[in-house]
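On the provided structure of chain A, position chain B as indicated by the hints.
Which chain is which? The protein sequence lines are A and B, in order. Per numbering that gives the first Met the number 0, the first sequence starts with residue 0, numbered consecutively. Per numbering that gives the first Met the number 0, the second sequence starts with residue 0, numbered consecutively.
Bear in mind the hints are in silico, worked out from the structure with no lab data behind them. If you're wondering where the values come from, they're calculated on a predicted model, not measured in any experiment. Some clues are possibly wrong.
Covered by chain B, according to a simulated footprint, are these stretches of chain A (three or more residues, beta-carbon under 8 Å) [said to hold, decoys possible]:
#1 161-174
#2 186-197
#3 207-220
#4 344-353
Over the 12 Å line for every Cβ pair with chain A, so calculated as not near, a few chain B residues [unchecked claim]:
#5 S32
#6 S292
#7 G786
#8 N788
A virtual CB, placed ideally from N, CA and C, is assigned to each residue, including glycine.
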Amino acid sequence: MKRDRESSAACFRDAGFTLVELLVASAITVVLAGIMIAMLAQMSRTWVRSGGGLAARQQAEQALDVLARDLESAILHRDGRVWLAATIQPDQSGAGDAGGTLGAWSPPVRKPGAANPGSASSSLALEPASGRIEDCRFGMAGVWLRFVANVPDRNAQPGDTSAPRVISYQIVRRAVSAAAGSAQRYALFRAEVRPYADESPARERSAFVVGFDVFAPAYNSAAGGGNLGDAGTVRRPRRDLLLANDVIDFGVRFFRRDPSAPGGERVLFPRANGNLGFAATTDAEARPPNPDVAAGAMSYGFPTEAELLVRVLTEEGARQIEALEAGRLAGRGWWEIALAHSVVLTRSMALEATP
Amino acid sequence: MRTKRDGFAVVLVAALLAAIVLLLVALAGLARSELRSVRQRTAAEQARRNAIVGMRVAIGRLQAAAGPDARSTATAQHVGARNSRWTGVWSDAGAPLWLVSGAPADADVEVTTSGPGADGALLVGANTCSLADGAVAAFFEEIAEADSPGAASVGRYAFWIGDEGVKGNVGVVDRIDSVPLPPWAEIDDPVATAAERARLRQLIAHRAGNDAVEGFALAAETDATARARWAQFGAALTPAQLRFQELGTAQETENYRAFLRRRFHDFTVCSAGVLANAASGGLRRNFSDLQASAVPAAVRDLERFRPVNGRLPISAGTAPAGEPSAQVKPIVTEWALDFVPYHEDGGNRLLLGCRLRVELWNPFNLPLAQNASGVPDFWVRVGETPASGLPAVRVRGPAGEVGTFDLGGVLGATRAVPLDLPGDVAAGRVTRIETVLADAWDTGLTVDDPTPEDASDDLLRFEAADDAALAITIVLTTGEGAPLTTLSGSPSRGFARSTSGGWTVVGNAPFAAGDGGVERLGVSYHFRLDPARGSWGDWIAPSAPLLAAADLKAVRLGWESELWRSVGADPAACAAAVRAQFASDELFSSGTALAPFDFTVQRNLSIAALGQLSAELERALGIGNPWGGARNTVFDEAFFNPVPRSWRAGETLPNVRHRVVPDSAGREPTAAELGGEGAARFLLVDGAFNVNSTSAEAWTIAFGRAVLGWTDASGAAADFENPFFGLGQSAPFAQSGARGVRQFPDEAIRALAREIVQRIGVRPRPFRSLGEFVNSGVLQDAIDAAGLNTRLEFCADLGGVAPERFSVNYLTQAAVLNTLAPLLAVRSDTFTIRVAAEALNPALPTDDPDHVAARAWCEAVLQRLPEYVDPAEDAMVRPPNAADNATLGRRFRIAQFRWLGPDDI
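So that you can see chain B by itself, here it is in the shape it has in the complex:
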């Protein structure tokens, strides 16, 4: 019995012990599970904090590298590196700075992202970009806690700063219909209608050219459903939302989404730019503010001159001599002033005939006004001032008598001769005006032989005291006497005589001056542009109708050539006529209307509109073209942001690419500030595009765009596919063949994009200024190489005939810049930062699978703002070198932030 009781006790004790052990084990398991959960949560939180640390570091590096204005940005494709997607920042000082963690000196390095020896993290993987070369990795930077043993690493992060400005912004949609009316209330002759507002589309690239990109191949934008879909791009806040577009069948939609996944590095929806001068710092100045002291007089003129009742009033402009000017006036292409002595019929008096001939060319796309009141519009005054006279020459008769012959006596005291135009000077045409000033002016001399036979006939000789004495100046003026054109010349060639049949040219020999020289029978001043000077179409400009003496050519006195004829709407005839024109020695002997100069109807939106400005002794149409030289720095220095008087905060600006940003205190600008010289303080350029981009798709988006429902001055509507407006302002008012509107198929736009990318990609470093970009001529080279003016399939809009150079239909770099310039820059101001971070367990070896306790990823979009880091300093000016603002530049703000999951990488 005792034994039995003892056994029971043992069993009881054992059971109790087992229960206790089980309880303890369960508690331990629970505690361990709880601990693991807590550790994981802590590690995940630590990884997120490490990611935030990495983000802060990245923002700081971006601020220091790209905050100052005088920087260019581009991807490493410029230097052909392995990490071709890295973003580099170039300054005037040497090598680029790569915007990735690890501060590598070179982009052509290997980053290992997997395995125990991983020294970096993958930041753009297959879930982001499916292209083989689309992956992006960056080196780790370690985080060590100061109090950890041996300062072991407890975490690390890697970041990459992507350049959004080199991507095509597909989210820029047409907002022109929301521009308030009337858009140009301050102009005396506004066409303040919806039609005028719609014409803003010809002045600026008002939307993204998504439809020209091959992968976006959808229905034409003329289709209403497709239009609605395209409009949805404007609602996209992130590139991921682009895949929400649905296209046709499910398969097409799937293909489209796969296409988007390949094009991560080509498309964006959030790029915007500061209107900064990347060449020398500071902000660009708004040339729309006509009262601003920095606005040249020529620009002021350009903005003020407007057609009245469809005609251009004549104006000489107010720019000082030698500076680029805006003038609305005809170009004197040929002029002659002849003084021809002849013998009195039936007597022995020496008479003098005097005739003025002027050939005026209207280079504008609108008729030059003929004064409705009947008062002549043009006068020619001989002599720079009414007081200055004509040369005096000696006249020696056959008997040796010598007298002084004052040519000015023929013209009377005012020296002014009215030019009686038959009507308006039509667009692009030449009008010749001939005025007989004196038919039989009595010189007071007598001669015996009335009929000299040739130059050796010693009947009558004109002699000049010296060459200088023979020089005359004629001044083309308006009726009010304001000088339009001043021309000088000496009768170094030519003589004439009279016959009973009228004026006849008899020779073209040099007129030798001086006592011992060979005298001639008459004196004639007759000049025209010299085709040997080069392509005259490059040189003539309203502000420089005739250039230096070297540009003048004295010609035979032949004005029998017919006047120019209009070729109307037939582009083929236009091309042939222009070709014939340039093949001919007689410049204006063929029948072509040429109107290479625009006029301003609405307020300008693009700085390329200044192309019509030029100075004397300067090649015309320089601004925007490769020969512009120093003039093209204006692209870096200025922009246009006209603001209608009726504008209210929140309304769309006429320059629809401009977006208003308040200052750091949240203050929004007034209309006056936005229209003022310092408007750049409050503006960002929506979809600003970095010309250093090497993405053909991005360039395609910049180049391409459809313009629908475009109307001309008569109200006739037209749709244009990928148009460029060579004469953006005057196109609606010109004949259809002379509008300068070229439109191209999508393939042409893609070819142009490929060609320019090819040229930009081989440059060893990016462009440092827009002036450098324009002067480099890469755009014109790309136009030529793509065959936009030569490949007949790209000239379908001209009836399959290639346009002749200098015709309005010949696509030039300047024409492309007419619409593109407002969004171009050589740097980016929007960047995407991706950070990958890890929380590490320092107690475990690095090859332990649990060494990395947790991972986190985050992403932020940063936008540079016009305001400096220290907002107390004026944003318009470049800060002193010693200032913080000189080091850190303009403030970045986080426009978007998000956490990423593994499926986002």
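Okay, chain A solo, but in the shape it has when bound:
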């Protein structure tokens, strides 16, 4: 028994740690843990940043893919109707359902306005010194682009026939949720009007019945928007037609091949004179007024090439912009944050069809 007790005591002594050992081990552990935590934090920040950038880039690329395919299928006729229109929006009054309340774009609280083109804080910079579209800013609400295109569909019903329809692209600043005081985010929406419908009243709001003139009142009225496939969706896209989140600028430049112009092409839109609207049509006297642009502020022509721009915020940027607009972040400018936390993707393309 005694030998057993001695043996047990010896074993216990062999398995134990001295206080010094424990202290040293603890210190090393703390140092290592600190280093690891610091490294992980840094890695996490880098991951978030690069992941956010990648996600933003991926969203922008996908949006540009869709837009480019749509524009490739655009239809232009020289018959007095407006087959394609682009409007640089000073605000987005009437965007409605997906766009939140009216007047949500009013400066100075949110995105800087277009009142001072060229100034550092302005959202309107149509002719940057570099000449590159990457350096353009297309106003408070970006470009509202709408056109007629023939895109593939399932061909099961008249409403999903591969047939021409009106398609619109626009940025909408919308509430993240329906709760009061919900955060506001920017998003790019793609809406299309159904080609046709067998049943009334959807038929009366289809592209075939309303007609292929994007200046037709039915496409320019907030009324009737918010319904999937209705003509009003051109002005008021439904909430689930979101194409890309956190898009804070969306723009397009149109060109026409012209051997006599410098570089072989001339800019149709936007023009140096600050015209905010563009319509691809004919017959200057007969064309209807653009409901969003003051008289005389329009450019006309038939484009043969286009440059597209999409600026997407990273998640971090979106959070900071949201905080800034909510008044929780001070000391930094809107565009300062945007430039630091966004990616810009551009694309040049040819419009296949000419009138």
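Below, chain B alone, put in the same frame as chain A:
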């Protein structure tokens, strides 16, 4: 205790290792999934780029093959090939070029589109066309990257270029109400009203004849709701939108949509044509520009002559002799100039009676004007000029005395004789005018025996020095002396004598000339058209009232036959009368009004309106009919595009089939340019139709159309179902039975379409020019074979009586062309290109299911434009052979482009 601690460590290590492995596996799965997604996206994008490559190649081949003007296009149905939907391009050089990928030399080949050995792609499948023979496939062409090992194929594409011009354009709707008023401001006597604008519908096929197609069987167009539906066709941008029409019940709508799916190769909404000369190159010239040097004087006359106060002013036209001319004047169908000697009653002086008889036929559908001032409208001058006299003949008396007898002495110095018309020469009627020029002209000779009994009575003889000396010429003139008709003849037959009862014909023996010949008692010039010449209705024309001597027939001096009678509005009586007319030796002895010639009220829109032009020694009504010969090349060379002075850019042109296109710089033409000779530089023909089409539905759409609310000159309205206006301009002003308006049931139109397709389909090659098409007579053959003039069920508009040939109601090829010619061509200028492309994985064998990484389809509609590839060159002229423009021709533009999904094929 040690053992227990060691076990824990093992478990801990194993768990850690497992966690790490799991993490690695998850990461690998995620990476693989991400990679696959990226690959698929890349492959899809690559397939789309391959499709674009295929599209560019197809456009290039189309440009080279069909860019030049002198080409014909048609489908392979002409050669009975397996790939009957392939489009061929024919030039003067040999075999056709097939507009598909793979450059096959023959269309009668097999294309395999499925399985490992597939050498081609399906481009038109069941989702596009449900017909068994509607599928279209084409061979692949490979895409190899230069830096890939062994230049392995990384993609491939196949394309088919479909011909839209051989389809019926169902999207052409009636736009005539949008033609600005007044449409003809430059004309002195315009009826510049809405009624006149509405009458444009009789001059041109102003809309598609969808309602005559069996599958479109809807309510009649007279129904307002149906009309509104038809108008929707004009809004269609693509054929897919045609299915948006809703018809009656849901089942009817479903049937209609199924019908459309079968008719993919028959209908289009986007065909348009360049006004090019496919026979010899260059653009056609606008004959509406009267100042243009290329416009013949006859056309200028035609466009200028207009009725005044409902009557036609007489005019001889300004065309040089021998050229086709436009003249408004009566036709001299019979004339006689008699010189008859007789003995003075109760004395021995030899007296001479002289009488002129002229029979005038008005071949127009409007009265020829009688001068309101009372001045005679027609004069006959004997002798080509006032100075030229009549023949001198020797007169030998019974005692042997011989003297020279100048017949011209009877007529006085001017040789001019007024013809006193009783009134207007009514439309289609004949008026006979008889004037006694001298009742008892004293010859200065005396004879003893006053009553010769017969030819052997040696009382008095007329002798001519020779035959030529007996020839005379008479000239029909207006009061101002302008020559209308010049006729010559010799009195090779006939003699007469006087009796106390008046003028009597006593014989019809030859008048022998010369000293040793048999002399006769009198001399008479009496001529009429010779029915033995053939069908005189083919030959007479205002410009060629009498032809060569061979066409003349000297006849007995019988003018007892009654004048023509009008048959009024009774078509049956008209038919019977015409039949009797031609059965008779006496041409104008029956009572029928015939008015085969139109007159111009409004500006012409169709080149077939030139049918009323003809030249001397030329068969009348040639242009537009199979006997026109070289004259029918005018269909390839010219067109009409009148532009009112008030016209402004953007407004509809009176020729509603014409669409204005700006040049490549975007410059739109002025009104003057559009009305000028070179208007074709700025025009496309909406719904242009290729006569080489072998689609009966397409031909039905071209032939058929309703004309609603048509009004005649009195304002009475009428609706016509599928009408053809034989006399497009004058129809409103003619009596209802003589308007030349035929209307047909839909079945007749379909029968006509079937017959013409049957004839065109058996031709070994397509028509190379419109002139060839017109001269071939396939249209007239089809009209005859379809029974449009003979089957009584198709003659319901004539009361169930078949019309007689040459009556205005007899439907001819020219009548059909009156409205159809503005949209016809022998080639197409609108094409649809479909491309199927694949992105391939060269690392996998071809029979691996993943070898084809992605597929894409796209489609484009290409429109040829008037402008050359090099726009610096004048579009009107054919480029030099060495020029790029000679090789590539006129520019194509992409009118529509779209991506397709699998459900679109």
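Here is what the structure says about each hint:
Restraint check on the segment 161-174 of chain A versus chain B: 3 residues with Cβ-Cβ distances below 8 Å, three needed, restraint holds. A stretch counts as covered by a chain when three or more of its residues have a beta carbon under 8 Å from one of that chain; for the segment 186-197 of chain A and chain B the count is 3, and the coverage holds. With a threshold of 8 Å between beta carbons, the proposed coverage of the segment 207-220 of chain A by chain B holds, since 3 of its residues qualify and at least three are required. Requiring three or more residues with a Cβ within less than 8 Å of a Cβ of chain B, the coverage given for the segment 344-353 of chain A holds, as 3 such residues are present.
At the 12 Å boundary, the C-beta of S32 of chain B stays outside the reach of chain A, the nearest C-beta of that chain being 15 Å off. The beta carbon of S292 of chain B is kept farther than 12 Å from every beta carbon of chain A, the shortest such distance being approximately 32 Å. Distance check for G786 of chain B against chain A: the nearest CB is about 41 Å away, which clears 12 Å, and the non-interface claim stands. Annotated as non-interface, N788 of chain B keeps its C-beta farther than 12 Å from every C-beta of chain A; the closest such distance is 41 Å.
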